[in-house]
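Top to bottom, those sequences are chains A and B. By my numbering, the letter at position 238 of the first sequence is numbered 238, and the numbering carries on one by one without gaps. By my numbering, the letter at position 107 of the second sequence is numbered 1107, and the numbering carries on one by one without gaps.
Check each hint, because a few of them may be wrong.
Stated by the list, open to error - With a straight-line Cα cutoff of 25 Å, these simulated SDA-like cross-link-like pairs (lysine to any residue) come out: (1) B:K1071 to B:L1175; (2) A:K45 to B:H1158; (3) B:K1107 to A:Q48; (4) A:K10 to B:H1092; (5) B:K1091 to A:P285; (6) A:K10 to B:L1175; (7) A:K10 to B:K1043.
For the record, the hints were derived by calculation from the structure and aren't laboratory data.
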Amino acid sequence: MKSSSSVSVKRCRPMLGTYVIVTVKGTNERWAGLAAERAFQAVEKVQQLMSAHEPHSDLGRITRSGAYEPLEVHLWTHQVLGLAQKVSLLSQGTFDVMVGGRLEQSGFLPRFKEPTRSSDSTYADLDLLPGSRVMLRRPCRLDLGGIAKGFAVDKAVEAALQGPGVQAVTVNAGGDIRIQADRPQELWLRDPFRPEFFWQGGLVTSGSFASSGGVNALRDSKHGLAAPLLCPGQKRPPRRTPGVLVAATTCAVADALTKVVGLAQPHLARRVVGEFGAKAWVARPGEAYRELTPSHHRKVGEDAR
Amino acid sequence: MKNRDWNILVAGLAVTAPVAVVAHAEIYLSEDQAAKALFPGVKLKADWAQLTPDEVKTVEKASGESVRHPKVRVLWGPKDQALFIDEVLGKHEFITYAVALQGGKVKGLEIMEYRETFGQQVRGKEWRDQFTGKDKDAPLRVGKDIKNISGATLSSVHVTNGVRRVVETYEVLKLRQR
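Bound conformation, chain A alone (with noise of 0.2 Å):
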């Protein structure tokens, strides 16, 4: 849609934890404040459904129930269940949001009452039934972390183009980002490494994309140092985990892949990345991000030049 005049709105809430930006452009301040608006909204919404902090969210309900007792929630919730399951699949269970027992424990999540859980479950034990309906297999805590993040950025993005007079949508949720721009629009990797320094990443005018890693995310616990990052099947957190760049169709999907490329052994990692038609692309302390390839590890460009 092409316009002679163009607004541009942009709006920052703090909201999932981070700060949500949303970036408007429209025919008019009103239409594209009302577009911003109705983003927020969106991600408000996936807010109270999937947060693992509030227990009477759809999340806090599922932890809350027993064995073996099927509980209808939000179809949101299903469907981004859904995608955590098939990604836990395919990356043989590297992807597991059942970890939240073991965040309780480290204290990143606050202690629930009721009932005992176990926290070795994995995403075995969570079923999902026809009718917008799940069932826990044993008492767990789920957390959906980063890819309940990334489902808001692509709801706040449909939301926002739901009206009239849109023209261009960004919303980035603390690195996951995505564009739905008229033209090019540049994005940027800061370093996982040394925050004060930024990548260029290039020109986009449509995608979806998602980052982690470095150490920002470890802090201290009394357990000792701890990261919100777990690698299902081992007891200690990831000293360090590469920094990750995912490009994918959508936020939801690059966010869970990022995990998956993180800590998945590369030849996995790989697979599953290109299961999802998806791009990744890896940093190590000091270098350049790399793009992880079929065959080797490539440098990113290298063949662009």
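Start from chain A and add chain B according to the hints.
Here is chain B on its own, set in the frame of chain A:
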């Protein structure tokens, strides 16, 4: 996403040196714009309120947050409506935000300005040493034109804590009016 977008991104990632940023800042809303966004159509009266040492103690005790500025920017509206302009300090970032309160409850919240500075590191030898070798020619700049950043999830916990302090500040100022 179409293939052509991938290719653009791949080509873009061909940069060999990162850009070092001294200060990255974004302005979202001015005070006037924040007032219009959070209290549309409501006439607000801008004021500065100076908290007494006793009031500071009350706010700190009730919110669990220390009061860095006893001088408070507040815009009063009718019927217990108030807009507070507050600032919090994160690890590297200063954040100015507006909180709309109605009868002591948070009605809305907008970030007005986000400023990130690595000034101290930049002056340090250790930081400058990062430029040795391949980073030597990396440009150093103020990042006001750096938008659409992916990476390093920033925690909004400082703002959440600040809002708690603002709510208690409102209660203290309301006590004065009674």
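Status of the hints after comparison with the structure:
The hinted pair formed by K1071 (chain B) and L1175 (chain B) meets the criterion: a straight-line CA distance of about 17 Å does not exceed 25 Å. For the hint pairing K45 (chain A) with H1158 (chain B), the CA-to-CA distance comes to about 23 Å; that is within 25 Å, so the pair holds. Between K1107 (chain B) and Q48 (chain A) the alpha-carbon distance is near 17 Å, which keeps this suggested pair within the 25 Å criterion. Pair hint K10 (chain A) plus H1092 (chain B) holds up; C-alpha atoms about 22 Å apart against a cutoff of 25 Å.
About 21 Å separates the Cα atoms of K1091 (chain B) and P285 (chain A), which keeps this hinted pair within 25 Å; it holds. A threshold of 25 Å between alpha carbons decides the hint, and for K10 (chain A) with L1175 (chain B) the separation of about 36 Å lies outside it, so the pair is violated. For the given pair, K10 (chain A) sits about 24 Å from K1043 (chain B) by alpha-carbon distance, which is consistent with the 25 Å threshold.
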